[in-house]
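Here is what each chain is made of, one letter per residue.
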Amino acid sequence: MLMAILSTRNALLSVGLLAFLLGGLSIADMYRQRPWDGVVLESDAPGRLVVRKVVVASGAAAAGIRKGEQIIGIDRNVLRSTADAAELLNARKIGERVPYLVRGSEGLREVPVELGPRRIGSPAYFYACILGFSFFFVGLWVLLKQPRLRAAQIFFIQSALFFLFLVCRLRPASYSWIDTFVLTTGMVAILFLPASFLHFFLIFPRAVGLRPTEGEAGYERRRRLWLALLGVIYLAPPLVLVGSVIAARQGQYSLALISGAPPGNWWALAGYMLLGLSVLAVNGIRLPTARERRGAALVLFGSLFGLLPFLISAVAFPELLHSEKHLVWGLGPLILVPLTFAYAIVVFRLLDIKVILRKSLLYTVTTAVVTILWAGSIVLFNSLTSGTSLAASPFFPLLFALAIVVLFDPLRRGIQVVVDRFFYSGRGRLVEALEEMGEALAGQADLQPVVHDLVETLPQRVGLEFAALYLIRSGSIERVAGPDVLPEKLPQLPWLFDRLARRRGLTRVEELESLAGSRDDVADFVDVLSRAGVRVIGGLASARRRIGLVLLSEKVGQLGLDESELVLLRRLLDQAALAMETSLLIEERTEQAELERELEIASSVQAELLPQSLNLGPGWHVTAVCRPARHVGGDFFTELPGPREGSRAVVWGDVAGKSVSGALVMMAAHEVLQSLALTHRDPEELLTLANRRLYGFGKRKSFVALAYLTSSADGKGLEYLLAGQPQPLVRQRDGMVRELPLPENRMPLGALNNGRYRVSYAPVDSGDVVLGYSDGVVDARSTSGEVFGSERLAEIVSDAPGEPQAVVARVVEALEMFTRGTEPYDDVTLVAIGCGQEVV
Amino acid sequence: MRKALVLFSVVVLALSGVGGMSCSRGHRWTSSSPEAVREFELGLDSRMKLYGHEANEHFERALELDPNFVAAKHVLARHGEGEERREQLIEELRSVDLDRLTERERFLVQYTLARRDGRSEDAAAILAEFLDDQPRDAFGVATQAEEAWTRQDWEAASEAYERLLEIDPNWVTAQNHLGYMMMAQGRFDDAEDRFETYRFVAPDQANPHDSMGELLTVVGRYEEALAELEEAVAIRPDFCASYLHMLDVLVLEGRPYDGYQVLERAEENCSDQWTERIGIERCELAFWSDYLEGDFDAPWRKERQACLKEVGPTSFLIHRIASLSARWEVATAIENELTEYLENAEKVSDPEAKTTRGVLGHFQGVRLLAQGDIEEAIAKMRDADAGLSYWGQNQGILKLFNRLNLASALERAGRDAEAASVLEEVRKVNAPFAEAYPDIKAGFSS
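Heads up: the sequence lines are chains A and B, in that order. Position one of the first sequence corresponds to residue 2 (this note's numbering), numbered consecutively onward. Position one of the second sequence corresponds to residue 20 (this note's numbering), numbered consecutively onward.
Calculated directly from the structure, the hints in this document are not laboratory data. Warning: the hint list may mix true and false statements.
The following residues of chain A were derived to be distant from chain B, with all beta-carbon distances above 10 angstroms [stated by the list, open to error]:
no. : residue
1   : L403
2   : V486
3   : L487
4   : R545
5   : R757
6   : T820
Derived contacts from chain A toward chain B, CB cut-off under 8 angstroms, selection only [what the hints assert, rightly or not]:
no. : residue
7   : I73
8   : G74
9   : R77
10  : V79
11  : R81
12  : P100
13  : L102
14  : G105
15  : L109
16  : E111
17  : S279
All values reported here derive from a predicted model rather than from experimental measurement. Quick reminder that beta carbons are idealized off the backbone N, C-alpha and C, glycines included.
The task is simple: from the sequences and hints, build the whole structure.
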């Protein structure tokens, strides 16, 4: 696509270069010195060379040739036409004396005429050249800045044709060899100028309904119709010329020409131009904004007042009055045409005027103008005051210099303000608008207003056809807002997005092609976007993540975004990204807060599950504490019916896993044990069944380390089962600490389908405290990474008073001290059973 | 890039086509030698200037450079020197391969052969066909004009020459012939413009000055006429016609004796073919001297016998002197010569016959007036006036002279008003000549 754009642009530039060269040739021909006699001939005396005027001090004046006389012959040749005269003079040199045969009131006479220098180009031709170059350079700039825009291409062709018409056709013949190319080219321009004029207004400022849009239904058929229409428009004037020539030959009359073209073609020119302006009028009425309608109206009336006098003087007068001498008067108002087009360029921003007139250049010109003004005022003041006492005063130069210093800069700045206001107000307004938007976005916390600003407000401010926003959600890129012509989802292209992120800016779609290289997926992606009208694409990202993509269309009036606008938009999108990140963070925080709330509820529910007190039977005192690492945890303790009638058992468990997952398994395990204990009091059977039950629980394996402890039948010891829990410690009355022996089978519940468990017995004396604990106690870590460990536990238990509550308190305190400054690593459960002590 | 090349090529092609079409296409002469073509064109230029001998030299040189140069052969076949040479060239033209010639050359050859063979109708058809196809070919139109001129169809010739001047305004033969035709019609100002234009285009030619000299003589601007005739011989000392015209001017000015110096110059510069004519003029000068002195018997004196024979049987001056001196038989004999000529001569064109009848009418009128038969004299002189035109110096002056005699006859018939009117007409054309009226009138009184 890029190559196609470049080749079209190059083709047009080639034509423009040729036109420029021909124009230059014409001007050189007009303004080079050539021999001349000083005679100005009547243009309304065909076939006769009647003197309209004799220039004073010319060779003809010196020879006595007078107004009204007829030049019969020059240089020993009888003349048939002014062409003969010009050719004969061109063959001579300046300064030569050439014999003339002149018919005056007294008859024929021969006089020698000395040839002087002359440039054929008249002030009227000079003015026509200025007009022509105005058209040409305006068109050239538009094409260079918007090479892919069809309206810009047609505008350039039209400008080049206007240039050729004005510079190469509206000129007197020089009868040199250059005439052949130049005048004929000018005539060819007359043939195609009206068609290009009409063509331009059929697609600018909006393409009329006839012109098909790619992707629309019946596109191919409508495209063929459109091309056929254009063919008719462009071929009609040449056919009018051919028809006129054939008619003249058939009728055996000589074809009358007006500036080289038959009257039929001039009428065609007039008709096409009026039709083009009518199309502009109809188009203009339908423009969406008042500003655009005003701009279109200005172009319409400017073109009308510029073209109408020219058409009257170039078409009507020659036809009705059979005279071309009024044609030059029609040139004057023509200047309105390039001026109004230039204004339309600014209004519609076909070309932002700041590109033509960069600020530095503009300010330099301003400074130069002010300097010239000051220099002029100095000269004027000097001349006014010369000879006066003021001028003679020695303080005068000093005062004048001071005046310059004081007033110069304020004047310059004052003019610059006016210039800025005129040329750059549009840009200023855009900057202000985008700054406002940025501020608004910065204050936004909700996503919807940001989306609205990006997709609705931004296009209006910048003048885009549309903007679309895609957000990354759940790993896919979904359209959140934007026209339906865009796809609902975009493909994941990490490579592309990395590139976009690296470029840290808005990227034009056609530049993506060069980034794509041979990647088909990217090329397809770019193609889809291009067809939908996307011209610029940018990534939205924060420091933490990619948020999404923004897709922008071309501007209203088929315009593109220039670099400075892209920079402004990038900043705006950065702010939008920030706002969106804020909104997403708030959303996440809200979710998190809700989650925390629910966790707290869950924690309290879980806490309520744990019994307030545990009872193991008379003579036994139990203290238990369970501290989840998170809101909820996987540790628990509970009381179950004992193996014998009236007996009780204490169970403490530790689910593998923490937080919610652990808590849920904990709840399940708790419920399993409670339910099974109702019908199976035998601890071995109970654990076996619980194991089996927990083994099939859920898809993911969840182990539950459990300890079961009940008083023995004789009341002098404890019967216990360990399923994965650490060996409880026994603090003897003397402070010695020992571990309860490990049972043979001690797999956590849910680890094996056929787990078996055996009750173990441990004698416990009065005053002993049995401390059961979960591995979260010994696995707790300090800030330095040191593990609490079982030795430290044993020491603390040994140092603690010999009461279950005190032991638990000591261990809890020691744990808190040990783990201060760290997040809890695991749930902690302590169950202390005292033998023969009161429970507080 | 391809689009750019295609577009550029189309544009260049279009402009080349335009440029090519705009380049002038002139007729070219078929020759293998550019030098031969140059000599040929110089020859055409000399012919235009009426430098016939010089023109033929150029054409012969062209043939030397290219023996197959058909166009050069054609011109020499028509205008070359020597009948044998012309015959030879005609035979060569018959064997030319016409297909290798340009259309113009083909026309010229076929036309010349048709004319040469006496096939007038064929020649006319060839000319008509060529002009149908190439109506703006200067050579074709010039041929048409020359044809009309030759048969003295002045109207057709005038139209053809005007058309020729539209095609090539520098075709001086057309300017010259049109000038004479206008002069003949009494359009002296127009004729003067033509000769002035001719003189402007070809200042190095003697003929325009000579033509202008004739015109100025007819309209009574004798000094200017002499200046022009002198200019003619200054350019071409062997332009003998101008010497003869000078003699007439000197006679009109009443200075016949100055004519002898002119004759000496003519003898010096003119070729041998003019010797006889110079001899006649010398005798005429002598008779003019006698006439102006009133010695009407002088021509028949012994010392003038030789001149009498020299001037020939139809001398205007001898007839007049004879009429004024009542030598009716001499006058009648001269008239009879003209009558016989009119009755017996073959191929006398209508215009020539008309002029001869005009001269005859004048002679008869003068004799009858001298004899006293006024009414008859008036009738004859009126016939003479109708038959004579202002064509050239001789006929123009004769026409004016005839009118002065007519005025004299009318006065003698008591028709003074008519006489005054006739006199006024003469005065309008040539006021100085009108002043000679009393002398002319007096001649009939003596």
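Inset, instruction - Check the non-interface label on T820 (chain A): least C-beta distance to chain B beyond 10 angstroms or not. - result: Its Cβ never comes within 10 angstroms of chain B, the nearest being 77 angstroms, so this holds.
Legend entry - Least C-beta distance from L403 (chain A) to chain B larger than 10 angstroms: holds (61 angstroms)
Inset, instruction - Using Cβ atoms only, decide whether P100 (chain A) comes closer than 8 angstroms to chain B, and label the hint accordingly. - result: Status holds, d = 7 angstroms.
Legend entry - Restraint outcome when L102 (chain A) is required to lie within 8 angstroms of chain B by C-beta distance: holds (4 angstroms)
Legend entry - R757 (chain A) and chain B, when compared Cβ to Cβ, separated by more than 10 angstroms: holds (88 angstroms)
Inset, instruction - With chain B as the partner, please determine if E111 (chain A) meets the hint condition of a C-beta pair closer than 8 angstroms. - result: holds (6 angstroms)
Inset, instruction - Quick one: work out the minimum CB distance from L487 (chain A) to chain B and report holds if it exceeds 10 angstroms, violated otherwise. - result: holds (32 angstroms)
Inset, instruction - Verify the interface restraint on L109 (chain A): the C-beta must sit less than 8 angstroms from at least one C-beta of chain B. - result: This interface hint holds because 4 angstroms falls under the 8 angstroms limit.
Legend entry - Status of the stated non-contact between V486 (chain A) and chain B (beta carbon gap over 10 angstroms): holds (30 angstroms)
Legend entry - Agreement of hint I73 (chain A) with chain B interface, Cβ distance less than 8 angstroms: holds (6 angstroms)
Inset, instruction - Have a go at the G105 (chain A) hint: is there a Cβ in chain B nearer than 8 angstroms to its own Cβ? - result: With a closest approach of 12 angstroms, the G105 (chain A) hint is violated.
Legend entry - Residue hint R77 (chain A), partner chain B, criterion CB-CB below 8 angstroms: holds (6 angstroms)
Of the hints listed earlier, those the structure fails to meet are numbers 14, 17, in rising order.
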